[in-house]
Every structure is written in C-alpha cells, then in structure tokens.
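Engineer: In case you want the letters, here they are:
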Amino acid sequence: DVKVTQSSRYLVKRTGEKVFLECVQDMDHENMFWYRQDPGLGLRLIYFSYDVKMKEKGDIPEGYSVSREKKERFSLILESASTNQTSMYLCASSPDLAGGETQYFGPGTRLLVL
Amino acid sequence: AQTVTQSQPEMSVQEAETVTLSCTYDTSENNYYLFWYKQPPSRQMILVIRQEAYKQQNATENRFSVNFQKAAKSFSLKISDSQLGDTAMYFCAFSDDKIIFGKGTRLHILP
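Line order of the protein sequences matches chains Y and E.
Count the first sequence with our numbering and you get residues 1 to 114, in order.
Count the second sequence with our numbering and you get residues 1001 to 1111, in order.
Quick caveat, the hints were computed from the structure, so don't treat them as lab data.
One or more of the hints may lead you astray.
Residues from chain E that face chain Y, not an exhaustive set, calculated with beta carbons under 8 Å [unchecked claim]:
1. Glu1052
2. Ser1095
3. Ile1099
Cβ coordinates follow ideal geometry from the N, Cα and C atoms, glycine included.
All chains, please: the whole structure from these sequences, using the hints.
Structural biologist: Shown next, in the form of structure tokens:
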C-alpha cells in the first residue's frame, strides 16, 4: 500500500512564525502536491513538484514556499504565518503527472495560526 | 478554464438507501479523467472510483457506480445499499494535465 505521512496532525503557531509542514511518501512517486482544504472551498493546489528540486506554483502559492531535496520528502514552508493561513493542509503523491493518475493523500495537518 | 461543480453541499440518507451525488464539469478537452474521492471524518482521502472520458462504459466499484454523461458534462456517483461507513465528504475531480477538485458534498448516512 502507498503510504503518505505528514509530520503533524495538529499544529498551533503564532503570527509571524516560520512554519514547516513535512510530507513523506514511501512508493517512489515522482510527483508530490500540497493542497489547502477550507470549508466551502474544496481543495486548492498550493504547489507541486514533479522531480527532486523541481517545483511549480499551483493556484494559491502566495505566502508559501516548498522544498524537495529528496524524492520521498516534500516540505511546505510558511515563511511568516498569518491568521488567514489557518487551514487543513493535505499532501499527496502520484506516480506520474499524466492526467489519469490517482493521487494518494496523507492524513492532513490542521494548522491554527493565532 | 476547467471547473468542477458539486451542487449539493450536504446530504443525509438512511442506511441501506441508495444515494446519488451530483457533479458537473466544464471543459473544451476531449480526453480527460474524472474521479470521486472520499474523505471520512478524521481520516485520509482515498479514491473511490475513476472514469476515463474516452470509455463509454460507466465505471463500477462494488456498491459505487457512476453515471457518466459526456455530452452533458455530468459525472454523478451512485452509492447503493449505503452503510454507516459511507459517511464522509465526497469530492469530484477532473483531470487532463492537472487535477481540479469540486468543493465537496458532505454525506451523512443515518442509522
């Protein structure tokens, strides 16, 4: 079974803090994704990566950055957390960027920024 | 730009009933993929069913089936003999070279 894990299920941070969300997949997938999930808005893509050290902006990249130094690990960074970044963050991976590939999701990190 | 619309924010049905979740999408592409994902409360999102647009036959996975109407750009999910474990948020998604999710339908199965 594909396993995608995220470093924290719940996180509380203060405004202005630098926040790291870590995601690890164990199936040698090429592609990894970070989404933000908010009630009534569904999933919105923040960034994705199709290879080590490669990254592409998604629909809402502002206020976020990412890092992919190893194939299995994809980090989401909030350089200076703000209250409007309080959300559920979902990581996903897929074997290929071809349109039909299933995405495998992590359990999510619920971030509260005070 | 492609869009995915789920017109039912929330639904409730009795256990053992059949329920249909609606999804429409907009695209000018001819080749694409459609998905239904399920997110149970406090659990990971998983794939329920997948449909390739060039296949006319509707996909089926056990109690889950889709009604894919390509001309109408409609992709509804039918859950037969619903069970308490089907309680979840359901997301419809469209993909050609990137994936787009709808806003979700929260489904409650009542005992």
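Engineer: Against this structure, judge whether each hint is valid.
Structural biologist: Here is how each hint holds up against the structure:
Hint status for glutamate 1052/E relative to chain Y: holds, with the closest Cβ pair at about 6 Å, below 8 Å. Interface restraint check: serine 1095/E against chain Y, minimum CB-CB distance 4 Å, threshold 8 Å, status holds. Here the hint on isoleucine 1099/E is kept, as its CB sits about 7 Å from the closest CB of chain Y, short of 8 Å.
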